[in-house]
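Starting from the structure of chain X, add chain W where the hints point.
Quick note, the sequences are listed as chains X and W, same order. According to this note's numbering, the first sequence holds residues 1 to 74 in order. According to this note's numbering, the second sequence holds residues 1 to 197 in order.
Source of the hints: derived by calculation from the structure; they are not laboratory data. Check the hints yourself; a few may be wrong.
Calculated pairs, DSS-like style, for lysine-lysine (alpha carbon to alpha carbon, straight line, at most 30 Å) [to be verified]:
id, chain 1, residue 1, chain 2, residue 2
1, X, 64, W, 17
2, W, 168, X, 64
3, W, 56, W, 71
4, W, 71, X, 16
5, X, 64, W, 66
6, W, 181, X, 64
7, W, 56, W, 17
8, X, 16, W, 181
9, W, 66, X, 16
10, X, 16, W, 168
11, W, 66, W, 17
Treat the numbers as computed from the prediction; the structure is a model and nothing was measured.
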Amino acid sequence: MNCRECTEHLYEFLDKELTPEVEREIRTHLEDCPPCGEHFDFERLFLDFLQARCRARGAPPDLKRRILRELFDE
Amino acid sequence: MSTATPATPAPGPVDEKRATFEREALVHLDSLYRVALRLTGNAADADDLVQETMLKAYRAWDQYEKGTNAKGWLLTILRHAFINEYRRRTRHPETVDLDAIEPYSVFGDVQDDDPQGTFFDRIVDDEVLRAIDQLPEQFRETVVLSDVEGLSYEEIARILEVPVGTVKSRLFRARRLLQRKLYDYAVGMGYIKASPA
Numbered sequence: 001m002n003c004r005e006c007t008e009h010l011y012e013f014l015d016k017e018l019t020p021e022v023e024r025e026i027r028t029h030l031e032d033c034p035p036c037g038e039h040f041d042f043e044r045l046f047l048d049f050l051q052a053r054c055r056a057r058g059a060p061p062d063l064k065r066r067i068l069r070e071l072f073d074e
Numbered sequence: 001m002s003t004a005t006p007a008t009p010a011p012g013p014v015d016e017k018r019a020t021f022e023r024e025a026l027v028h029l030d031s032l033y034r035v036a037l038r039l040t041g042n043a044a045d046a047d048d049l050v051q052e053t054m055l056k057a058y059r060a061w062d063q064y065e066k067g068t069n070a071k072g073w074l075l076t077i078l079r080h081a082f083i084n085e086y087r088r089r090t091r092h093p094e095t096v097d098l099d100a101i102e103p104y105s106v107f108g109d110v111q112d113d114d115p116q117g118t119f120f121d122r123i124v125d126d127e128v129l130r131a132i133d134q135l136p137e138q139f140r141e142t143v144v145l146s147d148v149e150g151l152s153y154e155e156i157a158r159i160l161e162v163p164v165g166t167v168k169s170r171l172f173r174a175r176r177l178l179q180r181k182l183y184d185y186a187v188g189m190g191y192i193k194a195s196p197a
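Isolated chain X, as found in the complex (with noise of 0.2 Å):
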């Protein structure tokens, strides 16, 4: 695998979406391509970024009420 494939499943290794025997390729390479392995790596802090910035907030606590509200006539 080059450097161009190995890019092109970026996403999909770091998602765990790929196939063992695809995802052990670009395991490889990754240990035999520095600069792959720091593109990666910056890649998947960019990702934990996102999340850890996304996924902190919930519904309003006033939002579950008028639901049931709404549901069951509390």
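Chain W only, in chain X's frame:
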């Protein structure tokens, strides 16, 4: 001598329906709200969209196969409700040529000065959410289902009713676009030096 304990009345069908709905559907309220907020772009419409979704889901609850993927089922209902009832009056359908968006990583710009992307740490939640809200709708919904809700490509494909390959390509472009927006913001704020063109 009697050892009988008072019998608990058997739950009626309505109690049962309510109990399963609370256990399998209402637990996903936070997820539905986060997605609704990003789709509609404001809290009041997100509230209404989630409420509408829960009402539709409760009415259709008999059709949901219990114990399967309730979150995916609810998100599909939410998305249909958004397309049919909200998009028309909240956001106008977009005419963006998504294929024309060139997805290149900002890694090339930062690899000498900040290969670890530490500038991201200085960007606050609201700024990230604002950048997501500025994405074209097809990118926005894909990124929200993936990075905000953590769904698999397969689940996202089912909810958006597109092939898995489309999910992959949208996600790739959406994340790159988002990365670029956040990088430009960080440059603008002086968190990182702009790379020489």
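Notebook entry, point to check: Are the Cα atoms of residue 56 of chain W and residue 17 of chain W separated by 30 Å or less?
Noted result: holds, 14 Å
Checklist line | residue 56 of chain W paired with residue 71 of chain W [C-alpha distance capped at 30 Å] | finding: holds, 14 Å
Check: Holds or violated: residue 64 of chain X with residue 17 of chain W, Cα cutoff 30 Å?
Finding: holds, 18 Å
Check: Does residue 181 of chain W pair with residue 64 of chain X here, judged by a C-alpha cut-off of 30 Å?
Finding: violated, 34 Å
Note to self: Hinted pair, alpha-carbon criterion (30 Å max): residue 64 of chain X, residue 66 of chain W. Please report holds or violated.
What the structure shows: At roughly 22 Å apart (the allowed maximum being 30 Å), residue 66 of chain W and residue 64 of chain X satisfy the hint.
Check: Taking only the CA atoms, is the gap from residue 66 of chain W to residue 16 of chain X under or equal to 30 Å?
Finding: holds, 28 Å
Note to self: Tell me if the straight-line CA distance from residue 66 of chain W to residue 17 of chain W falls inside 30 Å.
What the structure shows: holds, 11 Å
Notebook entry, point to check: Is the Cα-Cα distance between residue 168 of chain W and residue 64 of chain X 30 Å or less?
Noted result: violated, 34 Å
Check: Given the hinted pair residue 16 of chain X and residue 168 of chain W, is their alpha-carbon gap at most 30 Å?
Finding: holds, 12 Å
Notebook entry, point to check: Keeping to a limit of 30 Å between CA atoms, is the pair of residue 16 of chain X and residue 181 of chain W held or broken?
Noted result: holds, 25 Å
Checklist line | Satisfaction of hint between residue 16 of chain X and residue 71 of chain W, Cα-Cα up to 30 Å | finding: Holds - the C-alpha atoms of residue 16 of chain X and residue 71 of chain W are around 20 Å apart, at most 30 Å.
Against the hints set out earlier in the document, violations occur for numbers 2 and 6.
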